[in-house]
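Protein chains: 2
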Amino acid sequence: MCPPHPADPEPARGPGPDPGPDPNQRQLLRELLTTYADLNGSVVDELDEEPSPLEFMRYVARNTPFVVRGCASGWEALRRWDRRFLVEAMRGKKVNVAVTPRGKQQPTRRIRPLLPHLPTTVPFARIALDRAPDALNLWIGNSRSVTATHRDGYENLYVQVRGRKHFALLPALCAPALAEVALPRPPGEGPEPAGVPFPTWDPDGVAVGGQEGVRGGEPSRATSSPSSWSRTDDEGFVLAVNYWYDMDYSGSLYPLTNLVRNMSFAQRRPG
Amino acid sequence: MCPPHPADPEPARGPGPDPGPDPNQRQLLRELLTTYADLNGSVVDELDEEPSPLEFMRYVARNTPFVVRGCASGWEALRRWDRRFLVEAMRGKKVNVAVTPRGKQQPTRRIRPLLPHLPTTVPFARIALDRAPDALNLWIGNSRSVTATHRDGYENLYVQVRGRKHFALLPALCAPALAEVALPRPPGEGPEPAGVPFPTWDPDGVAVGGQEGVRGGEPSRATSSPSSWSRTDDEGFVLAVNYWYDMDYSGSLYPLTNLVRNMSFAQRRPG
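Residue numbers (full-length UniProt numbering), protein chains in the order written: chain A, 1 to 271; chain B, 1 to 271.
Derived from the structure by calculation, the hints contain no laboratory data. Being a predicted model, the structure only gives us computed values, none of them experimental. Any given hint could turn out to be false.
As the list claims (entries may be wrong) - Selected chain A positions facing chain B (in silico; Cβ < 7 Å):
#1 L32
#2 N40
#3 S42
#4 V43
#5 M57
#6 R62
#7 P171
#8 Y249
#9 G251
#10 L256
#11 N262
#12 F265
A virtual CB, placed ideally from N, CA and C, is assigned to each residue, including glycine.
Modelling step: build the complete structure from the supplied sequences, incorporating the hints.
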C-alpha cells in the first residue's frame with residue numbers, strides 16, 4: 001500500500017559530524033516499505049454491517065482501515081440533510097469557512113443546530129476504545145475541495161452523508177515515500193524555527209480506483225484511518241461528518257512511526 | 001521499560017560505500033527509546049480476573065504484557081501436578097530433555113499424558129484472536145534454569161503451575177539496547193552465512209523486583225508477552241505451561257520492529 005520510494009538524487013555531503021543522507025539508511029527504509037507491502041494486501045476490507053467492538057479493535061491493533069456499507073442508513077442526517085436544509089438550519093448562525101487558494105479543507109465544528117440529527121457517538125468505537133469521541137466535525141465541499149495529505153492523531157470514523165469522496169490512505173510507516181519538506185511557518189506562530197514538515201508527494205495519480213484509492217466515500221459509509229496518512233478529494237456537492245477518537249499514544253506504534261518520520265525527514269536534508 | 005542504550009565506543013570507520021555506525025542513526029534510536037519510555041509506564045498491569053476478549057485485544061493492540069492472578073486456580077493441573085505425579089504419568093514415555101552448559105531451557109511438547117489436566121485453549125485469547133493455539137509447551141526447571149533473552153513470533157500466554165519464575169520483559173522496539181551480535185551458526189545449519197543475531201545485554205541486574213522485573217510467575221498466574229523480548233529464570237522446582245498463538249504479521253508492528261532490529265544490528269558492525 002506504500003507508493004514507491006522516490007528516487008531522489010543523493011545530495012552532496014558536507015563536512016562535520018552530520019553525515020547527511022545515508023545510503024544504508026535509505027536502504028533500510030526501502031526494506032521497511034517492501035516488508036510491509038509483502039505482508040499486507042492493498043485491498044481495504046468492505047463490511048456489509050458494523051463491526052463488533054472486538055472486530056473493530058482487531059483493525060485498530062493492525063492499524064488498518066476498513067469501509068462499512070450502509071452504516072448510517074438509519075440516521076436522520078441521511079434522510080434530511082441537503083443544501084436547502086443546511087441553509088435553513090444554519091440561518092443567522094456564525095460558521096467558520098476556510099477559503100484557501102486551492103480549496104484545502106478545514107472542518108466546521110460549530111454545528112450545534114445539526115447535532116440532533118447525528119448520533120453523539122459510534123457505539124462499536126466507544127465500547128472498543130472505552131472513551132467518548134474527542135470531536136465531531138462537519139465537512140462541506142464541492143468538486144474543487146481537496147484535503148492535503150496529512151496525519152491526525154485520531155482513530156477517525158468518517159461518515160459520508162451526501163456526494164462522493166475519494167480517499168487515498170497510506171499507512172503511518174509510509175513517511176519515507178511522502179517526501180516531507182520543511183515549509184516556513186507563518187511569522188509568530190509556533191516555536192519551531194525549522195518549519196512545518198509537509199508531504200510533497202501527491203497521490204493524485206492513484207487516488208481513484210488505483211491501488212491507493214479507497215472509494216469509501218459514497219453515501220452512508222464509514223472509513224476508519226487510524227493515525228495513517230490520508231488525502232481526500234470531493235465529487236459534486238459533499239456533506240460528511242467524522243468522529244475523532246483520541247489515538248492511544250502508549251504502546252509501540254507512535255514511537256516507531258515517529259522514528260520512521262524522523263529518518264525520512266533527515267534523508268531530505270543535505271549534509 | 002527499555003534499559004539505557006549501551007554506551008559502546010564508536011568503532012573505527014573503513015572506506016567504501018558502507019559508512020558503518022552512524023552517530024545520527026544512533027541518536028534516532030536513542031530518541032526512539034526515550035519517546036517510548038516517556039509515553040509508557042514501567043509497571044505491568046496485574047488483573048484479579050481474566051480479561052474479556054476485548055480487554056485482551058486492547059493489550060495486543062498496545063503490544064503490552066499483563067499478569068492475571070489466580071487464572072488457573074480451577075485447573076486440574078494445579079491441583080494434581082507435582083514431581084511425583086509427573087514421574088508416574090510419564091513413566092515409560094520418551095521426552096526431549098535439553099541439557100545445555102548453562103541450563104538454557106527448551107520446551108517439552110510430548111506431553112500427551114498430561115493434556116487431560118489442561119484446557120486445550122485459553123477462551124479469551126481464542127475469541128479475541130479468532131484462532132486456536134499453535135502450540136502448548138511444558139516447562140520443567142529448577143533454580144539453575146534460565147531462558148536466554150529472545151523473541152518469539154507469538155502472543156504468549158504463560159501459566160505457572162508450581163514454583164516461581166522471574167520474567168524480564170522488554171518491548172520489541174528495545175532491540176537497540178540488547179546489543180545483538182552475530183554468533184556463528186552450527187555447520188550445515190541454515191543458509192545465512194552472517195550468523196545468528198543474539199542479544200548480549202544481560203538483564204540479570206534488574207530481573208527481580210527492578211523496573212524490568214515482572215514477578216508474574218507465581219502459581220496460577222498468566223503472563224502475556226506479545227512478540228516482545230523476554231528472559232526468564234526459575235526459583236526452586238518449577239512447572240509451567242504456555243500457549244502460543246501465532247502473532248499477526250500483517251499491520252505495521254512487525255515491519256517496524258524489524259527495521260529497528262536491522263538498524264541496531266548495523267550499529268554493531270564496524271564500517
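Each hint, compared with the structure:
Restraint check, L32(A) versus chain B: the minimum CB separation of about 5 Å is within 7 Å; hint holds. For N40(A), the shortest C-beta to C-beta distance to chain B is roughly 5 Å, which falls under 7 Å, so the interface hint holds. Against a cut-off of 7 Å between C-beta atoms, the interface hint on S42(A) is violated, since the closest Cβ of chain B lies about 12 Å away. For the restraint placing V43(A) at the interface with chain B, the shortest Cβ-Cβ distance is roughly 12 Å, beyond the 7 Å limit, so the hint is violated.
Interface hint at M57(A): satisfied, since its Cβ lies 4 Å from the closest Cβ of chain B, which is below the 7 Å cut-off. Here the hint on R62(A) is kept, as its CB sits about 3 Å from the closest CB of chain B, short of 7 Å. Satisfaction of the interface hint for P171(A) is found here, the shortest Cβ-Cβ separation to chain B being roughly 6 Å, below the 7 Å cut-off. A cut of 7 Å between beta carbons decides the hint on Y249(A): the least distance to chain B is about 5 Å, and the hint holds.
The criterion of a C-beta within 7 Å of any C-beta in chain B is met by G251(A), whose closest approach is roughly 3 Å, and the hint holds. Taking 7 Å as the C-beta cut-off, the interface hint given for L256(A) holds, the closest approach to chain B being about 4 Å. The closest approach between the C-beta of N262(A) and any C-beta of chain B is roughly 6 Å, which is under the 7 Å cut-off, so the hint is satisfied. Evaluation of the F265(A) hint against chain B yields a violated restraint, the C-beta minimum of about 10 Å exceeding 7 Å.
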